[in-house]
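Make a model of the complete structure from these sequences and hints.
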Amino acid sequence: MQVRNTLHAYFQDLHSRYGPQKWWPAESPFEIIVGAVLVQSTRWQNAEKAIATLKTFGLLDPARILETDEETLGLAIRSSGTFRVKARRLRAVVQWFVDRGADVDRIRDLGLPRLREELLALRGIGRETADAILLYAFGLPTFVIDRYTWRVLTRHELVPEDVTYEDMKEFFEENLERDRELYNEFHAQIVKVGIEHCRSKAKCSGCPLESRLPRRDRTEALRG
DNA sequence: GACCAGGCACATC
DNA sequence: GATGTGCATGGT
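With the working numbering, the residue at position 184 of the first sequence is 184, and numbering never jumps.
Hints in this document: simulated from the structure, not taken from any laboratory.
Hints are not guaranteed to be accurate.
Below, a list of computed lysine-lysine pairs in the DSS-like style, where the Cα atoms sit at most 25 angstroms apart [unchecked claim]:
(1) Lys-22 to Lys-49
(2) Lys-203 to Lys-49
(3) Lys-169 to Lys-192
(4) Lys-55 to Lys-203
(5) Lys-192 to Lys-203
(6) Lys-169 to Lys-49
Encoded structure:
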């Protein structure tokens, strides 16, 4: 019960400060799938440029991506970094999407556990990317964990530092109602506060969650 | 120039 | 299962 209240309070703090984040910024579920791969280990702005380039060349389309060789695809998505790797990953996940009928509603009907398993079996789709695709492209209630989530949870001593991805995911899912809108917004808020305040451990002053830090860290933050 | 970003696979122990 | 490393552009 204690943890439930804590998590809801965190969400309220963030939401009242930042307002709705309206994730995922994309025009279609397919664009979200593509974006989820392109944003791996880079800033959203770099992934966004790559998506814009794909659009310019008419490549933001399942069939077009599959008929484009990886070298060409790589050129188009260069700005997102690790582009040769991402070109391969992109083709893999798009191939899966097409094999499943390229129909979001029908694919969703396969159910969360099976879809998560299938996505994780693809080379280039790890837990975070799989959960991002499931939540934001398919609207399925799975909580997305990322580095920022780890930073916030450990910094606030809500979990131990050696916590696993699945442990953090359970931490949220077992203490929040199973609500995709809430999962959607909460993760987006965590990324927002992460970018604004959790890049370095020192920068906490003015963070909406500052007052919820353990006391010694709070005084450190204010001094810094 | 160093460092990190809305990760992941693979090698190695 | 944990830890280390390559991938690579772009911004601070």
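Here's how the hints hold up against the structure:
1. Lys-22 to Lys-49: Measuring from Cα to Cα gives roughly 19 angstroms; hence the hint holds.
2. Lys-203 to Lys-49: This hinted pair is violated, its Cα atoms lying about 29 angstroms apart.
3. Lys-169 to Lys-192: holds (18 angstroms)
4. Lys-55 to Lys-203: Not satisfied, since the Cα-Cα distance of roughly 37 angstroms exceeds 25 angstroms.
5. Lys-192 to Lys-203: holds (14 angstroms)
6. Lys-169 to Lys-49: Violated. Lys-169 to Lys-49 sits at ~30 angstroms, over the 25 angstroms cutoff.
Of the hints listed earlier, those the structure fails to meet are numbers 2, 4, 6, in rising order.
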